[in-house]
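Chemist: Once you know that position 112 of the sequence shown is 112 in our numbering, the rest is easy, because the numbers rise by one and skip nothing.
Just so you know, these hints were derived from the structure itself, not from any lab.
It is possible that part of the hints are untrue.
Calculated lysine to any residue pairs in the SDA-like style (CA-CA distance at most 20 Å, straight line) [to be verified]: (1) K58 / G72; (2) K191 / G177; (3) K58 / K99; (4) K99 / G114; (5) K58 / H87; (6) K191 / K99; (7) K58 / W24; (8) K58 / V82; (9) K58 / V70; (10) K58 / M1; (11) K191 / R157.
Here are the computed distance ranges between Cβ atoms for each label pair [said to hold, decoys possible]: (12) G193 / P7: 44 to 52 Å; (13) I159 / D73: 22 to 30 Å; (14) R172 / S2: 44 to 52 Å; (15) G96 / P155: 29 to 37 Å; (16) D73 / R100: 54 to 62 Å.
Only a predicted model underlies this, so the values are computations on that prediction, with no experimental measurement involved.
Yeah, the Cβ is synthetic: ideal placement off N, Cα and C, and Gly gets one too.
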Amino acid sequence: MSSRIQPTAQVDETATIGDGTTVWDLAQIREDARLGSGCIVGRGAYVGPGVRIGDNVKLQNYALVYEPAVLGDGVFVGPAAVFTNDHFPRSVDPEGRLKRGGDWEAVAVVVDEGASVGARSVCVAPVRIGRWALVAAGAVVTRDVPDFALVAGVPARRIGWVGRAGARLTEREGESGVWECPDTGALYQEKDGELVEHA
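Taking the hints into account, I'd like the entire structure generated from these sequences.
Modeler: What follows is the structure, encoded as structure tokens:
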């Protein structure tokens, strides 16, 4: 199965696009970016130079993924979400000269397997979004998000836990620290502010 790239998309010849990946109208994929198989890149989405994207990733319309971001398998990035890459952004240096690529150090947003980043949220690099975490729409992420965490707000704070299915977990009655997915029945254990899948 080959990739599908719409005629109005701009895909640099040095970018790698995996089998079964679809790149929709007006998307831009820059030099040396690498996308895995089965991905969907929505209309007007941007993937910066050297960005690494795993398999089965969805970048919704107008998502902006600036280098050197790394997205694991199964990541979802909602419409108009932004991943920044400059911890101290300035257009010019202290003398007023326009800054170029070599005048600052790019820092990454890293999104681990299965995590979802909601519409119009902003992830301020450097930051890591943990496995299967869920960032609510409109959130501003300024610090690392634990695995399975549900975060919301400005700045984003943990307001609960989610499972692999994305549903908010409920604590089991009479079992402190044991959380259950209402959709799948899967169990999770909370310990020291972290959540792991129940053995």
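Chemist: Each hint needs a verdict: does it hold in this structure or not?
Modeler: Cross-check of the supplied hints:
1. K58 / G72: holds, 11 Å
2. K191 / G177: holds, 7 Å
3. K58 / K99: Distance ~32 Å between K58 and K99 Cα, so the pair is violated.
4. K99 / G114: violated, 36 Å
5. K58 / H87: Between K58 and H87 the Cα gap is close to 26 Å, so the pair fails against 20 Å, i.e. violated.
6. K191 / K99: Measuring from Cα to Cα gives roughly 45 Å; hence the hint is violated.
7. K58 / W24: Between K58 and W24 the Cα gap is close to 12 Å, so the pair holds against 20 Å.
8. K58 / V82: Status holds; Cα separation ~14 Å.
9. K58 / V70: holds, 13 Å
10. K58 / M1: holds, 18 Å
11. K191 / R157: Given pair K191, R157 holds - Cα atoms ~18 Å apart, limit 20 Å.
12. G193 / P7: 44 to 52 Å: Given range 44 to 52 Å: holds, Cβ gap about 49 Å.
13. I159 / D73: 22 to 30 Å: holds, 26 Å
14. R172 / S2: 44 to 52 Å: For R172 and S2 the Cβ distance comes to about 47 Å; the hint holds.
15. G96 / P155: 29 to 37 Å: holds, 31 Å
16. D73 / R100: 54 to 62 Å: For D73 and R100 the Cβ distance comes to about 34 Å; the hint is violated.
The structure fails to meet hints 3, 4, 5, 6 and 16 from the earlier list, while all remaining hints are met.
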